[in-house]
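So you can see what is in the structure, the chains are spelled out below.
Number of protein chains: 2
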Amino acid sequence: MTRIVFVLFPGVTQLDMTGPAQFLSRLPGSTTIVAAPSADAVRTDCGFALVPAAAFADTPQADILCVPGGHGVADALECNETIDFIRRQAAGAKWVTSVCTGAFLLGRAGLLEGKRATTHWAYAHLLERVGAMHEPGRVVEDGQTITAGGVTAGIDFALTLIAREAGEDWAKAIQLSLEYDPHPPFDAGTPVAAGAARTEALKARVYTAAAERMAEALKRSQ
Amino acid sequence: MTRIVFVLFPGVTQLDMTGPAQFLSRLPGSTTIVAAPSADAVRTDCGFALVPAAAFADTPQADILCVPGGHGVADALECNETIDFIRRQAAGAKWVTSVCTGAFLLGRAGLLEGKRATTHWAYAHLLERVGAMHEPGRVVEDGQTITAGGVTAGIDFALTLIAREAGEDWAKAIQLSLEYDPHPPFDAGTPVAAGAARTEALKARVYTAAAERMAEALKRSQ
Numbered sequence: 004m005t006r007i008v009f010v011l012f013p014g015v016t017q018l019d020m021t022g023p024a025q026f027l028s029r030l031p032g033s034t035t036i037v038a039a040p041s042a043d044a045v046r047t048d049c050g051f052a053l054v055p056a057a058a059f060a061d062t063p064q065a066d067i068l069c070v071p072g073g074h075g076v077a078d079a080l081e082c083n084e085t086i087d088f089i090r091r092q093a094a095g096a097k098w099v100t101s102v103c104t105g106a107f108l109l110g111r112a113g114l115l116e117g118k119r120a121t122t123h124w125a126y127a128h129l130l131e132r133v134g135a136m137h138e139p140g141r142v143v144e145d146g147q148t149i150t151a152g153g154v155t156a157g158i159d160f161a162l163t164l165i166a167r168e169a170g171e172d173w174a175k176a177i178q179l180s181l182e183y184d185p186h187p188p189f190d191a192g193t194p195v196a197a198g199a200a201r202t203e204a205l206k207a208r209v210y211t212a213a214a215e216r217m218a219e220a221l222k223r224s225q
Numbered sequence: 004m005t006r007i008v009f010v011l012f013p014g015v016t017q018l019d020m021t022g023p024a025q026f027l028s029r030l031p032g033s034t035t036i037v038a039a040p041s042a043d044a045v046r047t048d049c050g051f052a053l054v055p056a057a058a059f060a061d062t063p064q065a066d067i068l069c070v071p072g073g074h075g076v077a078d079a080l081e082c083n084e085t086i087d088f089i090r091r092q093a094a095g096a097k098w099v100t101s102v103c104t105g106a107f108l109l110g111r112a113g114l115l116e117g118k119r120a121t122t123h124w125a126y127a128h129l130l131e132r133v134g135a136m137h138e139p140g141r142v143v144e145d146g147q148t149i150t151a152g153g154v155t156a157g158i159d160f161a162l163t164l165i166a167r168e169a170g171e172d173w174a175k176a177i178q179l180s181l182e183y184d185p186h187p188p189f190d191a192g193t194p195v196a197a198g199a200a201r202t203e204a205l206k207a208r209v210y211t212a213a214a215e216r217m218a219e220a221l222k223r224s225q
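Chains A and B supply the protein sequences, listed in that same order. So the first sequence is residues 4 to 225, counted in the numbering used here. So the second sequence is residues 4 to 225, counted in the numbering used here.
Hints listed in this document are in silico derivations from the structure and should not be mistaken for laboratory results. Glycine included, each C-beta is placed from N, C-alpha and C at the ideal position.
A partial selection of chain B residues facing chain A, derived with a Cβ cut-off under 8 angstroms:
#1 A24
#2 C49
#3 F189
Covered stretches of chain B, as calculated for chain A (at least 3 residues, CB under 8 angstroms):
#4 164–175
#5 196–202
Based on the sequences and whatever the hints tell you, model everything.
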């Protein structure tokens, strides 16, 4: 039985976790466990709360450890219980993975030192602060460490990992079952595609301040 | 304030809801409410439960009504409380929408009569049972009714709807913020791309029986 453990914390971007969870939970012979500091429900920004299956203390050793991101990462960086859980689980896991800014939680736990890694585009310049080398890409593999780009990159990561674990035939069957034949109505999913003006406007509205908060949290927590 | 209401029921395929919710919740001037028959948490197949924000009886009128699908639809078709809620909300909503097999819940509520619609590929042949005309496509618009194909099609639907409500500039900014530049590692997201052998194998393993259960539930509930 392959144990897949997701790490949940307040302020998670829920699709960072729910996207990969939908795909990875169909890995044959697997069980998916969402773990959080306590068994209490965690509110999301999307009109619902998520109830973990287990508190950290009751979570068995993962084969696949997956750490999502979100604006709550800046606070989670300073939560020793969460960082200790990630470090302890990673030591015994076969695959250590992150989606979006979850990479900084791996990094804070010392797991990206000297590794090639990716994260959400607006935070990529901060990867060196946790000892990682930024490699542009939606899914970046370095040995048994896999990091994914922002939010929806988690789905491409999940299919990649399913193929590693169970083979391409299983990955393709799961892709078909979830009808993953994406056709975005617009081409604006990267800074290059969106263009400089649109990217700068979004940074001014959200990400310049968010990346500064992340940088400060990284400094405080080290 | 634009009110977005998602309908939750046991056995929902969580990504049908969580994908569109992540995108639609960033629609400017909107609030997202996940509603369920009661305020109790609903377990998913992915190692966590979802807690609705409101029971049906306490849910205000939606501007955008969104009904996800999943294997639980067959049971939800026979839940009068759920069907009545959908019918009542749809009467006052600006947009009436579904993802995946959520189309059959719209149909059971009488909302697809004479309309072009889509659903998960494995159930498309059943759309005529609720009076709809199947139109192949990942996102199908017929007036104020929008139906999306299986699971991940909900993300393309959400961006389409954001553009209708708030304009393409907002849709593109949200696409950039969620880094929606999909690069599936394989091309197997439709029956045509996956090929006949792979599709028939998946039908034999899952979907022939699942579509029969849906057909029987439609018959019983009409």
